[in-house]
Amino acid sequence: MPLVLYDFATQQAEVAANNGMPRLRSQFIRGPVWGRTRAQIRRSIIEGSNPITGRPGMTELVVKLTDPLTDEEKKAGDMKRDSGPATFTDTPDNLQRMFLEKRWTDFLPVILPTEEKVEEMLKGTSHDPEEALGRMSPNSPSEYWTYTVRTAAINAVMAGCRPEYLPIILAVGSTGMEAINVSDSGWVAGLVINGAIRDEIGLNYEIGAVGPYALANTTIGRAWSLLSINGGNCGKAGTTYMGTVGNPMNLINIVIAENERDSPFEPLSTRLGKGYKRGQNIVSLLSGWGILSSKNWKFNDWGSPVDNGWRKPEDLNFPQIIKDIINVQDSLFGACAILSPPIANFVKDAGYDTVEKFTQWLVTPGAGQPPHLLRPGQITVIVTGGSNNNYWSMGAMFVNTSVEIDPWR
Amino acid sequence: MNVVKKNASRREFVQGITTGAMGLAAGGCLGGAKPAAAQSRPAAQACTDKITVLNPMGEAPAVRLKPQARRMDTLDGKTIYFMNYGYPGSDNLLYEAMDWFKSNHPKTTLEYRLKPGGMGAPEDPALWEEMNQKADAMIIGVGH
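Line order of the protein sequences matches chains A and B. For the first sequence, the numbering used here begins at 1 and goes up steadily by one. For the second sequence, the numbering used here begins at 1001 and goes up steadily by one.
No lab work stands behind these hints, which were simulated from the structure alone. Take these hints with a grain of salt, some might be off.
[Claimed, not checked] Here are the in silico distance ranges between beta carbons for each label pair:
no., chain 1, residue 1, chain 2, residue 2, range
1, B, G1077, A, K274, 39 to 49 Å
2, A, P212, B, P1125, 46 to 56 Å
3, A, V245, B, W1128, 30 to 40 Å
4, A, M79, B, W1128, 31 to 41 Å
5, B, L1127, A, L108, 39 to 49 Å
6, A, Q40, B, L1127, 21 to 31 Å
7, B, W1128, A, K298, 43 to 53 Å
[Said to hold, decoys possible] For the chain B half of the interface with chain A, some residues (derived, Cβ under 10 Å), not all of them:
no., residue
8, D1049
9, G1058
10, K1066
11, P1067
12, L1094
13, Y1095
14, F1101
15, P1106
16, L1110
[As the list claims (entries may be wrong)] Straight-line Cα separation of at most 25 Å, SDA-like style, residue types lysine to any residue; simulated pairs:
no., chain 1, residue 1, chain 2, residue 2
17, B, K1102, A, E116
18, A, K80, B, K1066
19, B, K1107, A, G48
20, B, K1066, A, A16
21, A, K75, B, K1102
22, B, K1078, A, P68
23, B, K1066, A, L69
24, A, K64, B, Y1081
25, B, K1102, A, R38
26, A, K64, B, K1115
27, A, K75, B, P1061
28, B, K1050, A, E116
29, A, K298, A, P313
Each residue gets a CB set at the ideal place from its N, CA and C atoms; glycine is no exception.
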């Protein structure tokens, strides 16, 4: 008998049904449990009621343990599941409404995937549309859905992609990694794209590189989320998405084309230990809490004329500021630094001519300080953006996997 | 050199919007594809034409229904395992639940187990075998 927070009742029902027990008896309680003392738990849960039924919780639990099973609860055999018809015919307005009601969108209008548009999209790859591309789950214990090259192309159309973006979406889809994880902690996903394809398809790696300021960056990220929603059953709030406050980055994810031209370091793809060469088209998939401007942390305070004046240039020790920020971050997902080219050059000029040297120094505790992150590999350094000012972003994102793009052309 | 490249990049970003495969500018309706005759009509009228679109869904796996575990007719003389699945706070919840059972069902034997490795770890076959052999019921928490 599972004890489950009542906020998860809908999710619990769906997960149980997907695992062959559509009416699994469960006892629902009021949470959160984490952070409460035993006395608080006793008052609110043990002496309290099931928030759904209003009945005394522990008495109800005993009833569920002892009442004979109904015929429905004893059922065995196969349960048919159906994704619905292959096509739908209606007016565009009605179809937009239907896609929204079926929760096939990200709540923004989509490009309706007509057969013509999907065929046009499929010109972006030589792969058979019916080829099995991958399997995806909102979370590893949940069920996996499968999808084909055509499924990915349909969702790429919906996102507004051009056919030349399709190989990246197929490469990402082939990994099975979801863009929208179920976690109540509000995970964020990201892509880092290296290689010549960045210029071929117009990925922005200059001013605004990490934001929605170019068609390729924006729609590739959106296509990954839509493929996750429709191909992997992710992102359904209350069942396959439980982020307590949610995260707007789930809409288009963090899509980063590295600024290899202006970076003083080797591209991320060549630093992953997988033998990738500079110029090779690689997409790396990230997971974590997301990123924020480094100005979020007091360590990066530049001062101001109304305080004690601007900090002097010699006091702006950017490597140390990065280290100070990392040392106050949670360690679960490690740390990532999205450096603009000027900041990356500050790091290089400070004596760290490779990312490896820099990250080794970052994980070395200062005198009298306890160790925080233990391995250089827990820190991901990416260089992108413009050179118009000394800004950069920090956060917690790690490279989950990386994959070649060209085999999906 | 950089200025020329940057300008070229900017043109490319905009070009995707106006001449991309999706034809946003030409369609009026976000559906876009319409019969040739409809393309010369005003956008509002074209929006009433029906189009056919493809289902974007992946395929869910088949489900094999399983009967739930047989229920006990009484708790007296029975053994209930309380399994802490490892989420923070589960220990305190289960300790309190066990205290309630001790007070209200004193003839029931209670066993507490912590899932080895915590919630992210694989299931422990030895623990499940022990419960199969010795438990009349199992309470697991907390689902969060």
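Against the structure, the hints:
1. B:G1077 - A:K274: 39 to 49 Å: violated, 60 Å
2. A:P212 - B:P1125: 46 to 56 Å: holds, 48 Å
3. A:V245 - B:W1128: 30 to 40 Å: holds, 36 Å
4. A:M79 - B:W1128: 31 to 41 Å: Violated, at about 24 Å.
5. B:L1127 - A:L108: 39 to 49 Å: holds, 47 Å
6. A:Q40 - B:L1127: 21 to 31 Å: Check passed, 29 Å falls within 21 to 31 Å.
7. B:W1128 - A:K298: 43 to 53 Å: holds, 50 Å
8. D1049: holds, 7 Å
9. G1058: holds, 4 Å
10. K1066: At 4 Å from the nearest chain A Cβ, K1066 of chain B passes the 10 Å test, so the hint holds.
11. P1067: With Cβ-Cβ at 4 Å, under 10 Å, it holds.
12. L1094: It holds, given that the least Cβ distance between L1094 of chain B and chain A is near 8 Å, below 10 Å.
13. Y1095: Where the cut-off is 10 Å and the nearest Cβ of chain A is about 7 Å from Y1095 of chain B, the hint holds.
14. F1101: Status holds, d = 8 Å.
15. P1106: This hint is violated: P1106 of chain B lies away from chain A, its Cβ roughly 14 Å from the closest one there, beyond 10 Å.
16. L1110: Check failed: Cβ of L1110 of chain B comes no nearer than 13 Å to chain A, outside 10 Å.
17. B:K1102 - A:E116: Status violated; Cα separation ~68 Å.
18. A:K80 - B:K1066: holds, 14 Å
19. B:K1107 - A:G48: With a Cα-Cα distance of about 24 Å, the restraint between K1107 of chain B and G48 of chain A holds, given a limit of 25 Å.
20. B:K1066 - A:A16: Holds: K1066 of chain B and A16 of chain A sit about 10 Å apart, inside 25 Å.
21. A:K75 - B:K1102: violated, 34 Å
22. B:K1078 - A:P68: The given pair, whose Cα atoms are some 16 Å apart, holds under the 25 Å limit.
23. B:K1066 - A:L69: holds, 13 Å
24. A:K64 - B:Y1081: holds, 15 Å
25. B:K1102 - A:R38: Satisfied, since the Cα-Cα distance of roughly 16 Å is no more than 25 Å.
26. A:K64 - B:K1115: Holds, at about 23 Å.
27. A:K75 - B:P1061: holds, 19 Å
28. B:K1050 - A:E116: holds, 14 Å
29. A:K298 - A:P313: The hint holds at about 17 Å.
Checked against the numbered hints listed earlier, the structure breaks hints 1, 4, 15, 16, 17, 21; every other hint is satisfied.
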